[in-house]
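**Student:** As you go down the protein sequences, you meet chains A and B in turn.
Just so we're aligned: 1460 in the working numbering is position 72 of the first sequence, and the numbers increase by one with no gaps anywhere.
Just so we're aligned: 481 in the working numbering is position 1 of the second sequence, and the numbers increase by one with no gaps anywhere.
Keep in mind the hints are simulated off the structure, nothing from the lab.
Beta carbons: idealized from backbone N, C-alpha and C, even for Gly.
Any given hint could turn out to be false.
To be verified - Which residues of chain B face chain A? A few of them, derived with a C-beta cut under 10 Å, are:
#1 Tyr484
#2 Ala538
#3 Ile596
#4 Ala708
#5 Leu713
#6 Val730
#7 Ala731
#8 Phe752
#9 Leu771
#10 Val773
#11 Ser780
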Amino acid sequence: MRRLATFVATSAVALAVVVAPSFAEERIVVDLSRYDVPVSTGFSGARLLLFGASPQGDSGDADILIKVRGPLQSYTMSRKERVFGLWRNGARRHISSAPAFFQILTSQNEDNWFEDFERRRNAFSFRNLSVSVKSAPPRSADTPARQQEQLREQQQEQQAFRSAFLRLQGRKGLYGKLPNSIERLGNNLFRVNLTLPPGLPTGTYIVETFLIEEGKLSSAQATPLFVRRAGGSAFIFAFAERYSFLYGFCAVLIALLAGVVANRLFARS
Amino acid sequence: MTIYLPIAEISVNMFVLLSLGLGVGVLSGLFGVGGGFLMTPILIFLGVPPAIAVGTEANQILASSTSGFLGYWRRGGVDVKMGTFLMAGGLVGSSLGVLLFTILKNIGQIDFFIKIVYVVLLFAIASMMLAEGLLEKHRAHPKRGGRTKKKRRRNWTRLLPFKTRFRTSRLYISSLLPLAVGFVVGVLAAMLGIGGGFVMIPAMIYILRMPPHTVTGTSLFQIVFVTANATFLQAGFNQAVDIVLAMLLVAGGVIGAQLGVRWGSRIDAVQFRLLLAIIVLAVCGGLLWELVVQPNELFSITEGIR
Chain A
1389 MRRLATFVAT SAVALAVVVA PSFAEERIVV DLSRYDVPVS TGFSGARLLL FGASPQGDSG
1449 DADILIKVRG PLQSYTMSRK ERVFGLWRNG ARRHISSAPA FFQILTSQNE DNWFEDFERR
1509 RNAFSFRNLS VSVKSAPPRS ADTPARQQEQ LREQQQEQQA FRSAFLRLQG RKGLYGKLPN
1569 SIERLGNNLF RVNLTLPPGL PTGTYIVETF LIEEGKLSSA QATPLFVRRA GGSAFIFAFA
1629 ERYSFLYGFC AVLIALLAGV VANRLFARS
Chain B
481 MTIYLPIAEI SVNMFVLLSL GLGVGVLSGL FGVGGGFLMT PILIFLGVPP AIAVGTEANQ
541 ILASSTSGFL GYWRRGGVDV KMGTFLMAGG LVGSSLGVLL FTILKNIGQI DFFIKIVYVV
601 LLFAIASMML AEGLLEKHRA HPKRGGRTKK KRRRNWTRLL PFKTRFRTSR LYISSLLPLA
661 VGFVVGVLAA MLGIGGGFVM IPAMIYILRM PPHTVTGTSL FQIVFVTANA TFLQAGFNQA
721 VDIVLAMLLV AGGVIGAQLG VRWGSRIDAV QFRLLLAIIV LAVCGGLLWE LVVQPNELFS
781 ITEGIR
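Produce the entire structure from the sequences given, and follow the hints as far as they go.
**Tutor:** Given below as structure tokens:
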């Protein structure tokens, strides 16, 4: 039921984005080589082909921005600290909502041109990942200078956690910026290879494609992508999560059985 | 051939796991120890999250100790009454162990806890083995003071109430003693992914003063029930049991144990005990290294808000 709801929601988003720009003749058209990525026991990553047509092609000064965004998820981060010479988890921060997967692919070489554009749209981006604040707000009894200093410390702390989050997710291949990754074919057509890493989080992804002319959005399209567990491991995972005690009971039975079988096999010798 | 472990959520080469099971199985066949205290840290080195290494080991030990228990049962080497008292203590202990484990997991300190307790435990085991091995080498000098010491200990345990008769072991001792031993071993088993035989067997010999022919079988009797309880609760509360991982280790382990038992009669036990002590020390050193040296990455991410 929940899955159906998310599907309807995503489809509605997709439709809304497609319909939004009224200047229909300037539309960008995009499709994926497949909409469904099964993650099974032997999953070692996947490649998808995204291809499309952007109608105004003669001048060639329009930029394409593609965002692949996974399902939103909350996270807890911790930082190791040294206590009596031993490293253990110390400070903790929460990230209440961040995509489990986030890649930005662009047609430009330059790294940050889309950040302005993103900020105006108030969408999730690398810069506005919000990290919880642990320490109490500055007390009014403190001097303004002291308050200022505390605030600055908090911001530095948050920045450290934020960049660590991006770094760790990036190392797993989950977060990334890929400038100049869109291949143009002639005037109108373009194609992109999306690389999905092993250990891909499951859920509903959205692939958004934006056509940007002189810093302004001229056309956009969103396509859903479904990443789901498949095969035996999917069954075991779902079973262990949903019916954890029954799973435990089965694990006990299987182990007992394995023990009896092992004993029978070697009892003679 | 790599296989994706559904609960541990990592991809590992299947043959690495099978040969790991085989190797630790050979050691346990040679020395008559369960091997959980080696397997759990090695799984952690392989990248299995410590919590899942512990939960999965309980499951694996359940299988291997069931197999061993049946062998002793047929030979009449199990004191069921004593085993039941040990088990009762063990069930309470392991349930409490899983509860403590869950609390530590929720405050984000379980990995640290597992590592540090293992460092202490492995160091203790290795030094005991080294001492024992070296003593055996120079056994020509019998100790004089040993006798009187043992007598004093016996007097202390005699003062305890709730005396019960254990016919198979020919003992008349306080039932609090096996309950307490079982309890302590149960806590350790649930939190560290071990059977606890190497703690329980010395306790049975020196504290309970059980005759040698019932010790191993009775300890296996307790371990079967305690690891079954730990598996059930670890899976239920912490989703920490990876059945695929456990069964791969079992497959390697049962074959390895048979090989170990067969080779055991041919090798020099004293030399090999020293070798095992060195292996245990190396694992201990590896864990200590992970705790002491500044990690490359200080930050870590877990899903969900804790």
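**Student:** Each hint: holds or not?
**Tutor:** So, going through the hints one by one against the coordinates:
Against a cut-off of 10 Å between C-beta atoms, the interface hint on tyrosine 484(B) holds, since the closest Cβ of chain A lies about 5 Å away. About 9 Å separates the beta-carbon of alanine 538(B) from the nearest beta-carbon of chain A, less than 10 Å, and the hint is met. Interface restraint check: isoleucine 596(B) against chain A, minimum CB-CB distance 7 Å, threshold 10 Å, status holds. Restraint check, alanine 708(B) versus chain A: the minimum CB separation of about 5 Å is within 10 Å; hint holds.
Hint on leucine 713(B) holds. Least Cβ distance to chain A is approximately 7 Å, under the 10 Å limit. Restraint check, valine 730(B) versus chain A: the minimum CB separation of about 5 Å is within 10 Å; hint holds. Annotation: interface hint on alanine 731(B) holds; nearest CB of chain A at approximately 8 Å, less than 10 Å. For phenylalanine 752(B), the interface hint is violated, since its Cβ never comes within 10 Å of a Cβ in chain A; the closest pair sits about 21 Å apart.
The beta carbon of leucine 771(B) comes within 5 Å of a beta carbon in chain A, closer than 10 Å, and the hint placing it at the interface holds. Look at valine 773(B): its Cβ gets to within about 8 Å of chain A, closer than 10 Å, so that hint holds up. The restraint placing serine 780(B) at the interface with chain A holds, with a minimum CB-CB distance near 6 Å, inside the 10 Å limit.
Hint violations for this structure: number 8 only, all remaining hints satisfied.
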